[in-house]
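Peer 1: In the order they appear, the protein sequences are chains A and B.
If you count the first sequence from 1, position 199 lands on 199 in the numbering used here, and the numbers rise without skipping.
If you count the second sequence from 1, position 248 lands on 248 in the numbering used here, and the numbers rise without skipping.
Treat the hints as calculated values from the structure; they're not laboratory data.
Be a bit skeptical, because a hint or two may be false.
Label pairs and their computed distance ranges (CB to CB) [stated by the list, open to error]: (1) A:Leu3 to B:Gly65: 14 to 22 Å; (2) B:Ala31 to A:Lys303: 40 to 48 Å; (3) A:Leu3 to B:Arg188: 40 to 48 Å; (4) B:Ser151 to A:Leu347: 55 to 63 Å; (5) B:Leu293 to A:Pro7: 42 to 50 Å; (6) A:Ala41 to B:Ala7: 45 to 53 Å; (7) A:Phe213 to B:Glu283: 54 to 62 Å; (8) A:Ser156 to B:Ala7: 52 to 60 Å; (9) A:Leu24 to B:Glu283: 39 to 47 Å; (10) B:Arg188 to A:Lys303: 36 to 44 Å; (11) A:Pro7 to B:Asp34: 41 to 49 Å; (12) A:Val310 to B:Glu261: 32 to 40 Å; (13) A:Lys378 to B:Gly65: 47 to 55 Å.
Bear in mind that the values here come from a model prediction, so they are computed numbers and not experimental data.
We put the CB at the ideal spot given by N, CA and C, even for glycine.
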Amino acid sequence: MDLAYTPQEEEFRTELREWLARVLPGLPERPDPLDWPGRRAYDTTWQRMLYDAGYADLQREATPTQHLIFLEETERAGAPYVGANFVGLLHAGPTIAAEGTPEQQERWLPPILRGDEVWCQGFSEPEAGSDLASLRTKAVRDGDHYVVTGSKIWTSHAEVADWCELLVRTTPVTPDTPKHKGITWLAMPMDAPGITVRPLRTLAGSTEFAEMFLDEVRVPVANRVGAENDGWRVTMVTLSFERGTAFVGEVVACRRTLAEVAREARTNGTWDDPAVRRQLGRLNAEFMTLWRLTQWNVSEAQKTGGVPGVGGSVFKLRYSHARQELYDTAAEVLGPDAFDLDHDWTLDRLSSLSYTIAAGTSQIQQNIVAERILGLPKGR
Amino acid sequence: MDFQLTADQRALRQGVRDLLARRFDREALRAAVDAGGELDRDLWRALGEAGFFALRLPEAEGGVGLGLPEAVLLFEEAGRALLPGPLIDTHLAAGEVKGAAEGEVVVTAPYGHFVEHLGDADVIVRADKDALNGAMKVRSVDPLTPLTRLSRRTPYPYPPEAVLLTAAEQVGTAARTLDLAVQHACERVQFGQPVGGFQAVKHLCAQMLVRVETARTAVYAAAVTGTAVERAAAKLLADEAAVRNARDCLQVCGGMGFTWEADVHLHLKRAWVRAGRGPSKAEAEEELAAALLGDPA
Ligand SMILES: Cc1cc2nc3c(=O)[nH]c(=O)nc-3n(C[C@H](O)[C@H](O)[C@H](O)COP(=O)(O)OP(=O)(O)OC[C@H]3O[C@@H](n4cnc5c(N)ncnc54)[C@H](O)[C@@H]3O)c2cc1C
């Protein structure tokens, strides 16, 4: 057990720091959170800078530890997040890399890495959330196209995406075809006729995600990744194998915020309340340990090539809860400012509420941990 | 960076687990309970021979020459097995008190208002001559840990290593009570299915695992870095994991969990006693809070 970085890892860190110090001052001003085209332009500009400097494809070109260092350092330096590039870089891209044909990889991966094309994820439907495999959006074969009809919901970044990784039903559910056997993975161009995107307003006031109505949208069969009816497995391959790096930047950011909250408490006098101090101390233990747990998972990935997604479930359960506690505590410290939307922590408090829901609710994560790690029986 | 157990560390952990399975099985555990936590001196010597006490003593002094990261693995196993005795005090006394390293003597030390296993101890350290004046044996809540109450609080601080090794024992209890809960949940059938199939039970067990994994990580990290603030984090998370997991295990076991016969109460009571060693929860939290005002990590 060792927490020291190797000389090569430290060298990677130093070079990265130097590069960040050089390029970050040249970034344009951060756009307004409600200005979607502006956000897209900002996020893709940053992605292009990473590409030109050789940092765009660390997922494949670097070790998990280097990837951890990259995410840690960019967060510390105040660099932008993946933002609109999230699905392309962290989900659709890896899926295409793992399951796509050489032609598909050639077509889609370079534009993702260069920041030329933005992807969104069309999985959830009004009637298929936690029970994703019950999805109904239908694709019918017509020559060399699929004709897709149905609706998707909660599609993040749909307004500005060029492509959508879409799960569709190609074989109806019957007693012989279980629900996860008839699903197919398609890359749908977002400018195809028949797509209507209707933004949904989140409780934070922004339009992070949207409803998507698909009315006989024609998607070339050549855009199918994996075999017909094999889309569930194709998707799970990416979901089930991660490097432990999913939340690195966020944990670093939470630790910084926690220290800021403590200083604010010191300044405004709430620090004198032992209950506040102790809660801050507790959160320090929490986030310090989440950071160590990240290093543990990354070290495991370094050895084995990946950590099973179930290990990620343990992390996500603890982290999503801690993040909500952090912003509740920040609100306690802020007092009257906690009701002011112009205070960053107020908005962050609102957005933290999605953490126990998005990407598998805490209840679903607990089911996964209980059944797949602890071996408890499937039941009611 | 390689924050994973090395092959040697894995082998070491397996070695202690095997030793304890052989020398301190369930029958021996229950015999120890019946004997009110009285120590088995043969077992104590066997632990000495296996290097349990001499683990961190330099090889030149007849020790094993390993460090805290290895020691926490050992104490986690001891906690899992509910091994009784002032293991930590004797371990810390190796090299300083003759015979401690070999398991020839039993060393104890007061902390707070208590001293553990006074009746079995050959040597008492970190105590003034009059420390035991007016001390009274209490009917200990933990059947495996005889407690003597001092007439006044000891002025000696609890050693930092002891805080960490106690936290490691707590992780052992947290992990073991999870195993017991899962085992029971898979076997016990109600409403025509194993109770582990009910989500309310599943989610209790899932949260138990989350506590084990986080507390263990905190303990290992504190062992590697040796810093006071990581130690405080380890103490906080490990105490909570042990106590809450034992409670949840009791709940999952139903009426059986409330019996003397089931082992879960032994874990819960021991977890309570261990949580009383060293700094209090409030002190640990205050230390962690104060650290936030220093340099941001
Ligand atoms: C900010 C945000 C961004 C998102 N982005 C995207 C995106 O880009 N693309 C996309 O496809 N989806 C996206 N989602 C959707 C997200 O994946 C779903 O919201 C999530 O999977 C839950 O589905 P649901 O909302 O239908 O809730 P439901 O599944 O209806 O759940 C309702 C409640 O029932 C509980 N529940 C359901 N099933 C069980 C069960 N078996 N056991 C116990 N409890 C259960 C849940 O835990 C929850 O408390 C996003 C969601 C959010 C909040």
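Peer 1: Against each hint, give a clear statement of whether it holds in the structure.
Peer 2: Each hint, compared with the structure:
1. Between leucine 3 of chain A and glycine 65 of chain B the C-beta distance comes to about 21 Å, which sits within the given range of 14 to 22 Å.
2. Between alanine 31 of chain B and lysine 303 of chain A the C-beta distance comes to about 42 Å, which sits within the given range of 40 to 48 Å.
3. Checked against the hint of 40 to 48 Å, the pair leucine 3 of chain A and arginine 188 of chain B passes, with Cβ atoms roughly 42 Å apart.
4. Judged by the Cβ atoms, the range 55 to 63 Å given for serine 151 of chain B and leucine 347 of chain A holds: they are separated by roughly 57 Å.
5. Checked against the hint of 42 to 50 Å, the pair leucine 293 of chain B and proline 7 of chain A fails, with Cβ atoms roughly 33 Å apart.
6. Distance hint for alanine 41 of chain A and alanine 7 of chain B: a CB-CB separation of about 51 Å, consistent with the stated range 45 to 53 Å.
7. Range check, phenylalanine 213 of chain A to glutamate 283 of chain B: about 59 Å between beta-carbon atoms, so the 54 to 62 Å window is met.
8. Distance hint check for serine 156 of chain A and alanine 7 of chain B: the Cβ-Cβ separation is about 43 Å, which falls outside the suggested range of 52 to 60 Å.
9. The hinted window of 39 to 47 Å between leucine 24 of chain A and glutamate 283 of chain B holds, with their beta carbons roughly 41 Å apart.
10. At about 37 Å, the beta-carbon gap between arginine 188 of chain B and lysine 303 of chain A stays in the expected band of 36 to 44 Å.
11. Proline 7 of chain A and aspartate 34 of chain B have their C-beta atoms about 57 Å apart, which leaves the hinted 41 to 49 Å range violated.
12. With their beta carbons about 34 Å apart, valine 310 of chain A and glutamate 261 of chain B fall inside the hinted range of 32 to 40 Å.
13. Checked against the hint of 47 to 55 Å, the C-beta distance between lysine 378 of chain A and glycine 65 of chain B comes to roughly 49 Å, which is consistent with it.
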